[in-house]
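Student: Listed below, chain by chain, are the residues.
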Amino acid sequence: MNQQQTAAKAGHDGEPRIRVRGLGKHYGALEVFKNIDFDVGKREIVAIVGPSGCGKTTLLRCIDGLLPHDTGEILVGDTRVTEPIAGVAMVFQHFGLFPWKTVSENVAYGLRMAGAPKAEIARKVPEFIKLVGLAGFENAFPYQMSGGMQQRCGLARALAVEPNVLLMDEPFAAVDAQTREILQFELLRIWQERPTAMVFVTHSIEEAVLLGHRVIVLKGRPSSIHETIVIDLPEPRTRETLQHPRFAVLRERVWSTLMAEAREAEFVLER
Amino acid sequence: MLNTALRRHAPFWISIAAGIAIWEIAGRSTSQAFMVPFSVTIKALWQLLLTGEFIRQFFDSAELFLTGFMLSLAVGMPLGMLLARVRVLRIGVEPYIMILYATPMVALIPFILSMMGFGFAPKVLVVFLFAVFPVIYNTVEGARSIKPELIEVAQSFRSSEWALWRDVMVPYTLPYAMTGVRQAIGRALVGMIAAEFFLSSTGLGQLIMTASQNFDTAGVFASVLVIALIGVALMRAGLVIEQHFARWRQ
Numbered sequence: 000m001n002q003q004q005t006a007a008k009a010g011h012d013g014e015p016r017i018r019v020r021g022l023g024k025h026y027g028a029l030e031v032f033k034n035i036d037f038d039v040g041k042r043e044i045v046a047i048v049g050p051s052g053c054g055k056t057t058l059l060r061c062i063d064g065l066l067p068h069d070t071g072e073i074l075v076g077d078t079r080v081t082e083p084i085a086g087v088a089m090v091f092q093h094f095g096l097f098p099w100k101t102v103s104e105n106v107a108y109g110l111r112m113a114g115a116p117k118a119e120i121a122r123k124v125p126e127f128i129k130l131v132g133l134a135g136f137e138n139a140f141p142y143q144m145s146g147g148m149q150q151r152c153g154l155a156r157a158l159a160v161e162p163n164v165l166l167m168d169e170p171f172a173a174v175d176a177q178t179r180e181i182l183q184f185e186l187l188r189i190w191q192e193r194p195t196a197m198v199f200v201t202h203s204i205e206e207a208v209l210l211g212h213r214v215i216v217l218k219g220r221p222s223s224i225h226e227t228i229v230i231d232l233p234e235p236r237t238r239e240t241l242q243h244p245r246f247a248v249l250r251e252r253v254w255s256t257l258m259a260e261a262r263e264a265e266f267v268l269e270r
Numbered sequence: 000m001l002n003t004a005l006r007r008h009a010p011f012w013i014s015i016a017a018g019i020a021i022w023e024i025a026g027r028s029t030s031q032a033f034m035v036p037f038s039v040t041i042k043a044l045w046q047l048l049l050t051g052e053f054i055r056q057f058f059d060s061a062e063l064f065l066t067g068f069m070l071s072l073a074v075g076m077p078l079g080m081l082l083a084r085v086r087v088l089r090i091g092v093e094p095y096i097m098i099l100y101a102t103p104m105v106a107l108i109p110f111i112l113s114m115m116g117f118g119f120a121p122k123v124l125v126v127f128l129f130a131v132f133p134v135i136y137n138t139v140e141g142a143r144s145i146k147p148e149l150i151e152v153a154q155s156f157r158s159s160e161w162a163l164w165r166d167v168m169v170p171y172t173l174p175y176a177m178t179g180v181r182q183a184i185g186r187a188l189v190g191m192i193a194a195e196f197f198l199s200s201t202g203l204g205q206l207i208m209t210a211s212q213n214f215d216t217a218g219v220f221a222s223v224l225v226i227a228l229i230g231v232a233l234m235r236a237g238l239v240i241e242q243h244f245a246r247w248r249q
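So the sequences go chain by chain: A and B. Number 270 marks the last residue of the first sequence (numbering that gives the first Met the number 0); no jumps. Number 249 marks the last residue of the second sequence (numbering that gives the first Met the number 0); no jumps.
Bear in mind the hints are in silico, worked out from the structure with no lab data behind them.
With a cut-off of at most 20 angstroms between alpha-carbon atoms, the simulated EDC-like pairs for lysine to aspartate or glutamate come out as follows: (1) A:Lys100 to B:Glu151; (2) A:Lys41 to A:Glu161; (3) A:Lys33 to A:Glu226; (4) A:Lys100 to A:Glu126; (5) A:Lys100 to B:Glu148; (6) A:Lys33 to A:Glu72; (7) A:Lys100 to B:Glu241; (8) B:Lys146 to A:Glu169; (9) A:Lys117 to A:Glu104; (10) B:Lys146 to A:Glu104; (11) A:Lys100 to B:Glu160; (12) A:Lys41 to A:Glu234; (13) A:Lys129 to A:Glu119.
What follows is a list of derived Cβ distance ranges for each label pair: (14) A:Gln143 to B:Arg55: 48 to 54 angstroms; (15) A:Arg245 to B:Pro147: 39 to 45 angstroms; (16) B:Arg55 to A:Lys117: 45 to 51 angstroms; (17) B:Arg165 to A:Arg238: 42 to 48 angstroms; (18) A:Gly21 to B:Val87: 30 to 36 angstroms.
If you want a taste of the chain A side facing chain B, the calculated C-beta under 7 angstroms gives, among others: (19) Asp63; (20) Pro83; (21) His93; (22) Pro98; (23) Trp99; (24) Met112; (25) Phe140.
Virtual Cβ for every residue (Gly too), placed ideally from N, Cα, C.
Bound-form chain B, shown alone (with noise of 0.2 angstroms):
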């Protein structure tokens, strides 16, 4: 049992340590300015901990990750079932849609900047614009997919509007709209950064820029690393979801 669990899983860890190892060869054999093994950035990212320094920024970091990202999926989620329900409203509003999921948020940042100045709200909708697009793309998709025969049903049985969304409209999108979430988890990372970047400086963006300009590239990958994680955890756990809220599909 114990054996086949480890054959399945081997080739997973194998690529890992190779990847590690790498890693660890290249930033041994190249200048420490430009890159640094494995066990340096493990050994920088353990004396940030340490300082507390790290742990502040991070939460700073989650803080606005969570603000813009929570806002995406509170506007996100009701406007594509919305957008689906009532037709002249997607044919209005969904060209406006497809450009803005089009365009390079980045490109936004100075028009928003010069906007709304440096404060904690103008990162929050550079979060929010990063994620927010795909979240409203994949509930109108899944939404207009409801078989028109279970709208029937809900008329049939004198459904209210209300007990429509909550009993078909929610339960049948939210695995579709879950898609899109998983989407939004990694552009609300890139958002995340961006505005640290780009708007007043914080948090892990901040740790980054900072270390970046002291030439601690050791500083750099170990935030990079941090936050590279988080989405790959992130991602798994909205999968997870997806798949609890799919359980009625075949």
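Bound conformation, chain A alone (with noise of 0.2 angstroms):
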């Protein structure tokens, strides 16, 4: 109910695009997490949040469908997810980009399982490698990159496909502060020239709020979902929502949601 209102609110009305229900998964003995129910709307943007070693990549792992989850299940659009989709494309925390290909070819490569004719790769190529801002660097390879222009160049790959569900794993987690605020501005301003569903995962708090339509945190062991924080800055979201007196609210308030968390964990391991 509450989440159906906070899509109305967000002015995403219609079926929501990715459907999580009583979402459980174990590593064995060891319950990661359990009861995850959300959803994400058409254009949404949702953040998750939590400490480290509370199941949010996991988690993620599952909605691609890399990772089998054990209860529950997942909806992409009509789609019961049970192995990586089409219309799904993810951002890695490592980038995980190939060495051995160059820029054009890493963009391509998404295109290229996904069956597409080659003149179709020929004119997409270019232009999202022009939309994350590497044109002139279409034969570089990974390497010869910095660690912010590695991962727009893994954006471009995950953005070709032209997916609409978009799935980040701490995508700026890598990369040094700078480059980190640079590429936030950048994924929001292309999130406006395309926007898609996405699940958004940090440890980041500011980014967490500054992205987020709504932020998930994620609490306890095994977590389940601990708060479901609406996000309600204005949009588009741009360098002045940093200065937005609500932002500081909405940061501290996510903030006193996870600390209270970390305290608790730290007892948790004392004991």
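Put the complex together from the two separate chains, hints included.
Tutor: Take a look at the structure:
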């Protein structure tokens, strides 16, 4: 009920793109998370934050179909996810570029795997390289580029298949702070141009509040959704968003929720 | 510019010249039945080339070498990658590979002879057995070191198993496999001569055997010199190919 209201408030009418219902996952005897329920609208960014080891990345891999889940179900559109499906693309924390492929070849990779015709690949690859600001680096190898440029390439590869779901696995965690900020606003600009459903996993509270229409806080061991915070900041999100008084309030709100969790986690360890 | 190039390569050429000089002096001061000087070896090589005998035997050996060596690549590389990809297979097959890699293959030649006789096939098998294990071993080690993240990327983009091999396994593994290929070149040459010595006598192996039986030390040296130079050239070529495939590694 609450989630539907949120979706309506954010102006994302219609059916949600992603539906996660009663999701649970074990690694052997270790229960990672349980009872995960949330939706993501067709043009909505949902950020997931939580302490290290809370299973956010595992959750994202389950949504991508890379990992099997044990209980519950994941629906993307009408498709029940049991393996990676078309229309869903992931951006990886460590970029996941193929070091023997150039920027162009890396961006073309997803299209080729999707069986796109050669002419379409030839047309789209330069388009998406330009979109992420890598024009002029078409023939560069990953090792010749900075981390930020590598992740631009990773982003272009995911965007090139024109997914309706983007899964972001701490995509900016491995780049320096300045580059991270630049890439956040680049991502917002690109998302305004080509809005999709997006699940954005991050360690950074600031990043979650800046990008997310909602922020989901995972908590506990096994973890479950502790709180879903609606980020009612004006659209489009830009650099000014950081100065908005509401931004500080929301950041504080997510922070206090997370820190309570962190303190509890510490006690668990001490015992 | 020329000066720097000269200075850089000077130690190399001085060393080669010194080696030839020592060979020449040693040859001249010992009985010709044991040792012949460099100049006589080159003269003998020239004579062999003129008769056409050497060329014929050379191509005989080259055919054997290339057949066995190519076979070892064709089997070793795919098998190595398969073993890296399929864990159960690797655990089952690896002990046999280790045992055969460590086995002195020369010791197996009498067995191969009794099983297969004197044709071309048993000799190819000998070259193959000498060469294939370093290829398998290095390919497995290389393919196993693929980052799981890259496999995950391929899976996330819904790669088929075939495309995973073409786009990920093969390009990643090739530079590692080439290390094994370079080792295999040397071993295949040993296998080639061993097969020509101990199975039906053909090629450069036969040339060496015949010359040796006739106390024609110059003939022996001429053939051995050629084999050594070819070995060096092939390993250099292997290194160039390896570097070509490895150019994406920092």
